[in-house]
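Residue numbers for the sequence shown follow UniProt numbering, so the first one is 1 and each next one is one higher.
Hints listed in this document are in silico derivations from the structure and should not be mistaken for laboratory results.
Hints may be right or wrong, so weigh each one.
Stated by the list, open to error - For lysine to any residue, the following SDA-like pairs were computed, each having C-alpha atoms within a straight-line distance of at most 25 Å:
1. K173 <-> D158
2. K132 <-> A176
3. K132 <-> T154
4. K186 <-> I175
5. K173 <-> D134
6. K132 <-> F51
7. K52 <-> R108
8. K66 <-> I46
9. K173 <-> T89
10. K133 <-> Y111
11. K52 <-> Q178
12. K133 <-> Q178
13. K196 <-> E185
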Amino acid sequence: GNCSSLLGKFDESIEFYRLALQELRRKRGRKSDVADALFNIGRLEIHRGNFKTANGVLNEALRMAKDVYGEKHAYVAEASDLLGFVQVTLGDHDEALVSFTKGLEIYRNLYGPLHLDVANAIFNIGMLRESKKDFHEAWEAYSTAQDLHRRLGTPPDDPGFQTVRRSMAQVEKLIAQQNQARLIEKHQEAQKKKKKNQRNGATALTQSIQVPRLFS
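With the sequences and hints as input, model every part of the structure.
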């Protein structure tokens with residue numbers, strides 16, 4: 001299964017894990033092995049673009065992982081992160097925030113504030129904020145993730161670090177566009193108000209003019 005997935009043979013890999021899962025359930029195998037099989041099926045379904053299927057499978061894997069390892073295990077954090085990614089893709093932003101926040105909390109408890117998994121978890125929250133068009137919050141998350149990468153000594157050509165920097169630059173552009181749009185909107189509102197006041201003033205002036213009396 002792992003070799004096939006590395007080679008990109010996702011259908012073959014999923015079939016392997018599904019058969020393994022079936023056998024584990026039939027023989028009442030260890031819960032940890034069942035959770036592993038579910039997690040791998042969910043991961044491969046993501047690669048295939050089957051996000052709804054992945055969502056159901058990963059939720060089941062997460063529930064089982066919590067039973068096996070407890071709420072504060074790295075496995076639970078990893079499953080939460082992957083589930084959060086699926087939830088963002090499906091548009092379930094509130095659920096995704098819960099998943100990403102849970103993953104971040106576990107990583108911080110396990111490794112402290114300065115760790116690559118912490119940086120990645122914060123980046124995930126930034127990605128979620130960006131998808132919700134909360135660009136300032138996204139920038140804060142990306143900025144924090146970038147700072148952690150620098151403090152950890154991540155090489156500049158590291159793909160993950162490059163993604164953080166690209167995302168931050170993109171959000172900065174979006175913030176600039178958003179600010180520009182707001183300025184234009186304010187200007188247009190001011191112009192409308194000015195014209196309305198001018199019309200009201202002209203009407204009041206017309207009404208105040210005395211029409212001269214005609215004498216026969």
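We went through each hint and held it up to the structure:
1. For the proposed pair K173 and D158, the alpha carbon gap of about 23 Å is at most 25 Å, so the pair holds.
2. In summary, the hint linking K132 to A176 is supported, as the alpha carbons are separated by about 17 Å, within the 25 Å threshold.
3. Between K132 and T154 the alpha-carbon distance is near 28 Å, which puts this suggested pair outside the 25 Å criterion.
4. Note on K186 and I175: the hinted pairing holds, with a Cα-Cα distance of about 16 Å set against a maximum of 25 Å.
5. A threshold of 25 Å between alpha carbons decides the hint, and for K173 with D134 the separation of about 13 Å falls inside it, so the pair holds.
6. Straight-line distance between C-alpha atoms of K132 and F51 comes to about 19 Å, which keeps the hinted pair within the 25 Å bound.
7. Using a Cα cut-off of 25 Å, the hinted pair K52 and R108 is violated, with the two alpha carbons roughly 29 Å apart.
8. Taken as a hint, the K66 and I46 pair is honoured in the structure, with Cα atoms around 22 Å apart against an allowance of 25 Å.
9. Restraint check: the Cα-Cα separation between K173 and T89 comes to about 23 Å, which is no more than 25 Å; the hinted pair holds.
10. For the hint linking K133 to Y111, the alpha-carbon distance of about 31 Å lies beyond 25 Å, and the restraint is violated.
11. Proximity of K52 to Q178 is assessed by CA-CA distance (about 32 Å); at most 25 Å being required, the pair is judged violated.
12. For the hint linking K133 to Q178, the alpha-carbon distance of about 10 Å falls within 25 Å, and the restraint holds.
13. A hinted pair counts as satisfied when its Cα atoms are at most 25 Å apart, and K196 with E185 qualifies at roughly 16 Å.
Hint compliance for this structure: hints 3, 7, 10 and 11 are not met, and every other hint is.
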